[in-house]
Amino acid sequence: MTTPQHAPAIEFVGVNKNYLSHGETVPAVKRTDLAIAQGEFFSLLGPSGCGKTTTMRMIAGFEEPTAGKVMLDGRDVTGVAANKRDVNMVFQSYALFPHLNTYQNVAFGLERKKVAKNEIGRRVGEILEIVSLTGMEKRSPKEMSGGQQQRVALARALVNRPRALLLDEPLGALDLKLRQQMQIELKRIQREVGITFVYVTHDQGEALTMSDRIAVMNAGVIEQLGSPREIYERPASRFVAGFIGTSNIVDGHVERVEGGLALLSYTTQDRVVVPVGQSTRTGDKLEVSIRPEKIDLHRGVPPVTATGGSVLSGTVTEVVYHGTSTNYTVATAAGADFTVFDQNASNAEDLAVRGDRVYLTWAPQHSYLIGV
Amino acid sequence: MNRVKNKLAPYLLVLPGGVWLLVFFAVPMVAMLSLSLQEGDIVNGYRFTGHWQTYTEAISAYDTQIIRSLIYGAIATIVLIVLAFPVAYWIAFYGGRRKPTYLFLVLLPFFVSFVLRTISWRQILTDEGPLISPLRSAGLVDQSFHILGTPFAVIAGLVYNFLPFMVLPIYVALERIDPRVVEAARDLYANPATTFRKVVFPLALPGVFAGVLMTFVPASSDYVNSEVLGSADTTMIGQVIQTQFLENSDYPTASALSFVLMLVLLIGVFTYARILGTEDVMKVAAR
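Residue numbers (this note's numbering), protein chains in the order written: chain A, 922 to 1293; chain B, 1370 to 1656.
Some but not every residue of chain B turned toward chain A, in silico, with C-beta under 10 angstroms:
| hint | residue |
| --- | --- |
| 1 | 1547 |
| 2 | 1551 |
| 3 | 1553 |
| 4 | 1563 |
Hints listed in this document are in silico derivations from the structure and should not be mistaken for laboratory results.
All values derive from a computational prediction rather than experimental measurement.
Where is the CB? At the ideal position from N, CA and C, for every residue including glycine.
Using the sequences and the accompanying hints, generate a full structural model.
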C-alpha cells in the first residue's frame, strides 16, 4: 500500500473517547471525524471540558481512542506510543526540563533520534535564531522569563521538524501584550517552517486571528468547522454564536416568506428580516443571530433607507464606553436584550443615553439563521 | 515602639528553640569535650588534665569497629536507595487518590518502638524461628546455616529500621516532578527507560541526596541492631561507646570515641554535600 499523495496531515476516523470516573463511563470526545490538511494552522476552540485537549492528546499519543482510528499522513497510528509518533507538542506552562539548559532542552529530541553531534549543534543554533533566543544556550529555564521559556518550548518541538506541531494553550500564562506579540510571532514561524499547527485554545480571539480553520467544540462534539470568517459570520449553532464573540439572538414566528427572505413580526413596526432556504414556511419558529457591530442605532424615527431591513424599537438600559467603541444594551420590542457596538470613529459624543427610546436597524444579509 | 517590636520578632521566634539547643546540645557537647580530656576513675572521680592521648588510644583500640560501622552504614544506605526508590516511585506516580494511605503504611512501623521491632526480628531470624528451622528440616539449607549474628542480619535490620527515612524524601522529590515534563520526554522520542534515566532519575536526585543524609548518619552510629541481631564479630562503634559509658564507666574514652565518630561523619557528610549537593549533579546524571 502506498501513501496517498495528499493524505491529510492528521485524520480522525470515527473517534470516540470515554473516561471511567467513579465506575461511570464519561464521554470526552464523541464520534469525531476530522481531517487537518498539510501546512494548515488549525485551531481546536472551546470551553474547558469540551474535549479539545483530549483530542490533541490523542494526536500526540498520550491518550488512545476508545473507538476509531487516528491517522498521521495517511498512516494509522492508533496504539503507537507517543515517542514513536512524528508529532511534537508545546505544553501548557511549557514543561521544560528544569535540570537542563536551553541548548540541552532543545537538543533533547534530536539526541534521542541519534542525530550526529555537529548536525544537532547546527540545527539547534538555527532554530534558536528563528525564535530569537541566540545567546541564551547556557541559561536554565528558571533564569528565563515566561516569554523566553515559551520560545524554548517552541524551539524544542520545532527543531525535530515534526509532521505536525501541537500547541496546548501555549500563550495562556503570558500577559496580554506579550500574548499578542507571540500570536504574530507564531504565525510568522508557522509560515517560515511550513509545518501543520494544531492549536488548542479557549480564547476565541486568539483562534480567530491565527487560524486557517477552526473547529469549535462543545461537550465532546465539533459543533462547527470552518474558516474564522465563516464561524464568526455564520455560526452554525446557538452555542457557537454565543461562544465566538458577542451575538444577539432573537426568535420569532414567520409571518410571511418573500423572495428568499422571511419576515418575523413583533408589532406593526418591529420586524426582523432574515434570508431563508426553500423549506421555510409561514408559522415556522426561527432563531436568528445578529452581530452587534452590524447594527445601527438611531434616536427618534428610523431613516428611510433602513426600512427594507430589520427594525426593532427599544429602550437603552446601559451605555459602556470602550475607547474604540461604545457598547449599548437595548431592551427591544422582540423581547431580547440586544448589544450594539458603535465605532467611535467621528462622533464626539454618545448616540444615546440610558433611558432613550431608540431604533435598531440592520440589512437583511446581517441576520443569520442558526440551528438549522 | 511597634518598629522595635517588629525588629525583635525574629529573635523572639528563635528564642525557645535556641535556648533548648543551648541547654540540651551545646552544654553537653562542651561537657563531653571536657570529659574526653579528663583522667581518673569512677571511684576517685575525674580531673581535667588535658590528656589528649585518650583519643589516639581509643582510635587504635577501636579502629576496626569504626571502619565496620562506616561500611555497614554505607551498605545499608545503598540497599536503602535500591529498595526505597521503586516504592517511592510507585506511590508518587501510581498511588492515585490512595497516596496518603500508602504513605501512612510506610510510616506504620514507627508506631511500634524501634527496640521492640528489632527484637521481634530476632524472633524471626533465630535458629529455632519460623524462618530458619523449616528451611533446615526441609534440607534446603545446611544444618549450620544461620542468619542471626551475621553482618547480613545487622545490615538487614538497619535497612528495615531506616527505610521510611529514605522513602519519604525520594517520594517528595518524585511527587514534585510535573507529569507534563515526563510526557514532554516521551513526546521528544524518549522511550520509558530513557525517560527515567534522563529526566525522572536526575530530578529525583535531591530526594536521594536528602535520604542518604537522613539514613547514613544514624545507621553508622546505630547501636541497637548489632546488639540485638549481631554478634561479637559485628560490633559497631555505637555499641562500644554505650558499653564504655554505661558498663565500664570509662567516660573519657566514651567521650573521645563520640567525638571521633562525630568528626568522621561530619567530614564524610560535608565532602558528600560538596560533591553531590549541588544542582550540577542533576545535569551530570542526565548525560
